[in-house]
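> One-letter residues, chain by chain:
Number of protein chains: 2
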Amino acid sequence: MLRTHTCGELRLDHTDQEVTLAGWVQRVRNKGGLIWVDLRDRYGITQLIFEEESSEKELLEKAAELGREFVVQASGKVIERTSKNDKIPTGSIEIKVSKLEVLNAAKVPPFIIEDETDGGEELRMKYRYLDLRRNVVREKLQLRHKMMQETRKYMDAQHFMEVETPVLIKSTPEGARDFVVPSRVNPGEFYALPQSPQTFKQLLMVSGFDRYFQIVKCFRDEDLRADRQPEFTQIDCEMAFVEQEDILSTFEGLTKHLFANVKGVELEEVQRMTFADAMKYYGNDKPDLRFDMKFVELNALAQGKGFGIFDSAELVVGICAKGAAEYTRKQLDALTEWVKRPQIGAKGMVYAKFNEDGTIKSTVDKFYTQEDLQAWANEFGAEPGDLMLILSGDTATVRKQLSELRLKMGEDLGLRDRNVFKPLWVVDFPLLEWDEETKRYHAMHHPFTSPKTEDIPLLDSDPGAVRANAYDLVINGVEIGGGSIRIHDRATQQLMFKHLGFTEEEAQKQFGFLMEAFEYGAPPHGGIAFGFDRLCAIFGGSDSIRDYIAFPKNNSGRDVMIDSPSTIADEQLKELSILVNLKK
Amino acid sequence: MLRTHTCGELRLDHTDQEVTLAGWVQRVRNKGGLIWVDLRDRYGITQLIFEEESSEKELLEKAAELGREFVVQASGKVIERTSKNDKIPTGSIEIKVSKLEVLNAAKVPPFIIEDETDGGEELRMKYRYLDLRRNVVREKLQLRHKMMQETRKYMDAQHFMEVETPVLIKSTPEGARDFVVPSRVNPGEFYALPQSPQTFKQLLMVSGFDRYFQIVKCFRDEDLRADRQPEFTQIDCEMAFVEQEDILSTFEGLTKHLFANVKGVELEEVQRMTFADAMKYYGNDKPDLRFDMKFVELNALAQGKGFGIFDSAELVVGICAKGAAEYTRKQLDALTEWVKRPQIGAKGMVYAKFNEDGTIKSTVDKFYTQEDLQAWANEFGAEPGDLMLILSGDTATVRKQLSELRLKMGEDLGLRDRNVFKPLWVVDFPLLEWDEETKRYHAMHHPFTSPKTEDIPLLDSDPGAVRANAYDLVINGVEIGGGSIRIHDRATQQLMFKHLGFTEEEAQKQFGFLMEAFEYGAPPHGGIAFGFDRLCAIFGGSDSIRDYIAFPKNNSGRDVMIDSPSTIADEQLKELSILVNLKK
Numbered sequence: 243m244l245r246t247h248t249c250g251e252l253r254l255d256h257t258d259q260e261v262t263l264a265g266w267v268q269r270v271r272n273k274g275g276l277i278w279v280d281l282r283d284r285y286g287i288t289q290l291i292f293e294e295e296s297s298e299k300e301l302l303e304k305a306a307e308l309g310r311e312f313v314v315q316a317s318g319k320v321i322e323r324t325s326k327n328d329k330i331p332t333g334s335i336e337i338k339v340s341k342l343e344v345l346n347a348a349k350v351p352p353f354i355i356e357d358e359t360d361g362g363e364e365l366r367m368k369y370r371y372l373d374l375r376r377n378v379v380r381e382k383l384q385l386r387h388k389m390m391q392e393t394r395k396y397m398d399a400q401h402f403m404e405v406e407t408p409v410l411i412k413s414t415p416e417g418a419r420d421f422v423v424p425s426r427v428n429p430g431e432f433y434a435l436p437q438s439p440q441t442f443k444q445l446l447m448v449s450g451f452d453r454y455f456q457i458v459k460c461f462r463d464e465d466l467r468a469d470r471q472p473e474f475t476q477i478d479c480e481m482a483f484v485e486q487e488d489i490l491s492t493f494e495g496l497t498k499h500l501f502a503n504v505k506g507v508e509l510e511e512v513q514r515m516t517f518a519d520a521m522k523y524y525g526n527d528k529p530d531l532r533f534d535m536k537f538v539e540l541n542a543l544a545q546g547k548g549f550g551i552f553d554s555a556e557l558v559v560g561i562c563a564k565g566a567a568e569y570t571r572k573q574l575d576a577l578t579e580w581v582k583r584p585q586i587g588a589k590g591m592v593y594a595k596f597n598e599d600g601t602i603k604s605t606v607d608k609f610y611t612q613e614d615l616q617a618w619a620n621e622f623g624a625e626p627g628d629l630m631l632i633l634s635g636d637t638a639t640v641r642k643q644l645s646e647l648r649l650k651m652g653e654d655l656g657l658r659d660r661n662v663f664k665p666l667w668v669v670d671f672p673l674l675e676w677d678e679e680t681k682r683y684h685a686m687h688h689p690f691t692s693p694k695t696e697d698i699p700l701l702d703s704d705p706g707a708v709r710a711n712a713y714d715l716v717i718n719g720v721e722i723g724g725g726s727i728r729i730h731d732r733a734t735q736q737l738m739f740k741h742l743g744f745t746e747e748e749a750q751k752q753f754g755f756l757m758e759a760f761e762y763g764a765p766p767h768g769g770i771a772f773g774f775d776r777l778c779a780i781f782g783g784s785d786s787i788r789d790y791i792a793f794p795k796n797n798s799g800r801d802v803m804i805d806s807p808s809t810i811a812d813e814q815l816k817e818l819s820i821l822v823n824l825k826k
Numbered sequence: 243m244l245r246t247h248t249c250g251e252l253r254l255d256h257t258d259q260e261v262t263l264a265g266w267v268q269r270v271r272n273k274g275g276l277i278w279v280d281l282r283d284r285y286g287i288t289q290l291i292f293e294e295e296s297s298e299k300e301l302l303e304k305a306a307e308l309g310r311e312f313v314v315q316a317s318g319k320v321i322e323r324t325s326k327n328d329k330i331p332t333g334s335i336e337i338k339v340s341k342l343e344v345l346n347a348a349k350v351p352p353f354i355i356e357d358e359t360d361g362g363e364e365l366r367m368k369y370r371y372l373d374l375r376r377n378v379v380r381e382k383l384q385l386r387h388k389m390m391q392e393t394r395k396y397m398d399a400q401h402f403m404e405v406e407t408p409v410l411i412k413s414t415p416e417g418a419r420d421f422v423v424p425s426r427v428n429p430g431e432f433y434a435l436p437q438s439p440q441t442f443k444q445l446l447m448v449s450g451f452d453r454y455f456q457i458v459k460c461f462r463d464e465d466l467r468a469d470r471q472p473e474f475t476q477i478d479c480e481m482a483f484v485e486q487e488d489i490l491s492t493f494e495g496l497t498k499h500l501f502a503n504v505k506g507v508e509l510e511e512v513q514r515m516t517f518a519d520a521m522k523y524y525g526n527d528k529p530d531l532r533f534d535m536k537f538v539e540l541n542a543l544a545q546g547k548g549f550g551i552f553d554s555a556e557l558v559v560g561i562c563a564k565g566a567a568e569y570t571r572k573q574l575d576a577l578t579e580w581v582k583r584p585q586i587g588a589k590g591m592v593y594a595k596f597n598e599d600g601t602i603k604s605t606v607d608k609f610y611t612q613e614d615l616q617a618w619a620n621e622f623g624a625e626p627g628d629l630m631l632i633l634s635g636d637t638a639t640v641r642k643q644l645s646e647l648r649l650k651m652g653e654d655l656g657l658r659d660r661n662v663f664k665p666l667w668v669v670d671f672p673l674l675e676w677d678e679e680t681k682r683y684h685a686m687h688h689p690f691t692s693p694k695t696e697d698i699p700l701l702d703s704d705p706g707a708v709r710a711n712a713y714d715l716v717i718n719g720v721e722i723g724g725g726s727i728r729i730h731d732r733a734t735q736q737l738m739f740k741h742l743g744f745t746e747e748e749a750q751k752q753f754g755f756l757m758e759a760f761e762y763g764a765p766p767h768g769g770i771a772f773g774f775d776r777l778c779a780i781f782g783g784s785d786s787i788r789d790y791i792a793f794p795k796n797n798s799g800r801d802v803m804i805d806s807p808s809t810i811a812d813e814q815l816k817e818l819s820i821l822v823n824l825k826k
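Protein sequences appear in the order of chains A and B. Count along the first sequence from 1, add 242, and you get the number used in my numbering. Count along the second sequence from 1, add 242, and you get the number used in my numbering.
Just so you know, these hints were derived from the structure itself, not from any lab. Some hints here could point you the wrong way.
Which copy is meant is left open, so a pair is good if it fits within one copy or across any two.
Pairs of lysine-lysine residues, derived as BS3-like cross-links and limited to a Cα-Cα distance of at most 30 Å, are as follows [as the list claims (entries may be wrong)]:
| # | residue 1 | residue 2 |
| --- | --- | --- |
| 1 | Lys388 | Lys505 |
| 2 | Lys608 | Lys664 |
| 3 | Lys664 | Lys522 |
| 4 | Lys536 | Lys338 |
Start from the sequences, fold in the hints, and give me the full structure.
Here it is, written out as structure tokens:
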């Protein structure tokens, strides 16, 4: 090794030892014949000292020429510092250097390698390898490492087998967002990269593997948003001979294990909520439960009093913001403008302030008496000092709008603490979802999700009402994982494909192998997949999954560091039997 | 859960407990009013019993109708068996079933699901999910699981950070065997799948990650041989501030850890050998050291005695097969025919039997006296009872031929025991390799490998003689891993690209980001990658890596189970801005 110790290792105990360290020059100070160098590596920072009197001239000159980010190897004796730095673990000692070697010089980096940097996002992406040198960035990847190890430790202890499923699989017309890979050996044919290992993990259950998991890259070629990446990582799991309850308790166990062992947080029982309740009370299938502020429906109380907007609405629904009655008129106007922004799209907002004196002042006093408003307040459980905010309109739309408003109020009132974690199972998702564009039903989760047995008769009469054995794990308003109990017999799977608009031939061509597998003794099974990038972000207290990926791509799916994707040689295209066709 | 216990769990201790098991019907026996069912899951087999007298008629009928591979749930009482089966851990008990539910019926499987099956390779590949049900097959994947967990345990304890590098990277003209992926968002441009995460792991060293590892899928689009797969898995590692010795000792540690914890084998010190010695003494850069049979060069003793074939040869070299003097004439003729096969290509073979009576009988007695032959025997260290086998010709060719012959003799004499493990570091590989076809030098390892400092002056005068800081781990004649100390400065890297025939522009276009990274403070670093599939095969005592891959592809790169690769829709091609062009 080019070092005897790391830069985070030496303490007073090591005093008088001869050591060799290697690392990067973080800072050089030169004062009154003394030169101090902060030497940095992944493990910490150690101070080197060069003294004019006792060091050789050549050594001093070498030290004086060191620049930021030079890579050096320094040998010398550990000595006690006269002025200690108790902010770093090595702050009690320094190295009196007797030998210095520059292992590699460094150009001045394009941005400052410190926790606070002057580099913009684009520059830091281009020089990602320098951005990764910053402690705050590297620590995010260290968290990710720890999450991976702890995940595997738990899964292994629970007898899950880690199995690698193929990356080169088969494209399906359903997979409109598949990345494809031309095969040189099989001209004109293509592999696809998996959007998830779904069918393979189900086959492993048919194989009797009983419990499977994998931390696995998945791929989706879609227009990218800030929190999406074309390649992303899942904790992918499947279990045989289970019911929904078994999956929920097993993965509640994983969640608790991770919080305890990675964050030192003892999680309370994970709450449960049906999809229907989540929509009714939070307007959203991933409610943030760090704060209450439940939806309260006011149709019975607010309609029929002559206020046309409410009277003509399908739903009148509001939230009560505790202690927000002190909002000024200006703040309330801003809030009204906020809900009217195109992203939210409300036509307007009604509010009612429950004043400290017990009176209620609303924007619709013309239509409602104090008694009416007091009845609202009772319904909200509002107390003096609270602010009631009410929207109305079409049920689906108004719930979505109020959900956004609720989150904003939570944010504004400081109720969304990054150090508080409120996990929640949302259960009983609908099996199917109507798509206005294609005028047909789509599988809300995926076509392999089983309907609740008691709802199967509804498949023909009221498909939208059929509930699935499907569940999501939500933490702090973010969907972290989702899964279902699967269909495990051919007849039900065929029925499902039929309801999803597949012809028998299409279903056979694409998923024939899976349906055939179901005929050879498939056990009841189910599973779940967690978005690992997002899970890391939640643990790290960040909104951006990109921070938790070593080499992320930008919003156009480009890696600007290596300049990819890029054109390829004609010779290579010819070998692959394809042509580029830029005409649309 | 649909069960209270697994099928491998119950013992005499559980007698009289009411239990519920679930699994697959392995076998049904029906005799004298009794029905026995062997119920199987991943964990074992448990015997169910149905008695005519005490069971309800309906239950008995249900049991009688069970077929092989039916999936059932059975509840009943654990009872002691009258005739115990001490071959299985549950053999002392059986379940007197009171309730039976068929969870799923099964068609008769296309081959027998037992350790010995009647299914051919192709059929088993098509129904891989059934083949995986066989214990002998599933156990291979269980070994792989264990290898993965133990690898990570060791690496984590050694402070290696597991970092996921991108799968969608950049194609380079060097990467003639890259799989490419058209980008929908960036029309006309392509990603490539990594043949290895080489440049990313080097960048992580520039980032100061210090120690990196990953168990990672890599991809190579090449004509497939029996032991190659288009997607394969590597244990990929890199360390900063190290010299070759540090890498060898760290990964000798990993190797020992795996053997101790997965196989229960305490490995002795890993031997070391230079590439030059490996070639000289074993004709091969991956010698199988489970047996000795070193090459002995005979030029000095065998030339100039009038035997033209030897006299005109560049190299006369042989091996001594201990105790093989008893080979019959017929066996020796067969051996001669074997080396003359086109795959080996020797023109002929000379042998000399050291008889028990002390005489030596050779095929070239016409040219050599007993004294001459005795001198050979001395050189070989041969004793009465041994057989000397000698080939001659061009050095490179004859070494290759004799290497094959040595392995065959080792096999024939039973010296290649699958339960003996002889790991070896081969070091000091040549940096460059002359390619007759392209008439230029190629990097033997890859272009990022550093030359030995003392050999750099030879780069211009005698490039083929330059040795690299490169090493391979070989176990039992199989290359398991390889790596090198890398170049970490721009000037040397540019020099290397020049010697490999890159123009400055090409080098800049393809690896500019890496060379630029070297200018911002790159530490000395090096690493290694292990072929994980092959490592598993070695541990499992198998020659085929395919057995250790859950869903392997065949020799044409096809997954015959899911029928991939396949054609894709014109609509999809259009979206991706490509056309299929089958004209060559």
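> Compare the structure with each hint and give your call.
Checked hints:
1. Lys388 x Lys505: Intra 10 Å, inter 27 Å, cutoff 30 Å: intra and inter.
2. Lys608 x Lys664: neither (41 Å within a copy, 92 Å between copies)
3. Lys664 x Lys522: within (19 Å within a copy, 67 Å between copies)
4. Lys536 x Lys338: For Lys536 and Lys338, neither the intra-copy (63 Å) nor the inter-copy (53 Å) Cα distance is at most 30 Å.
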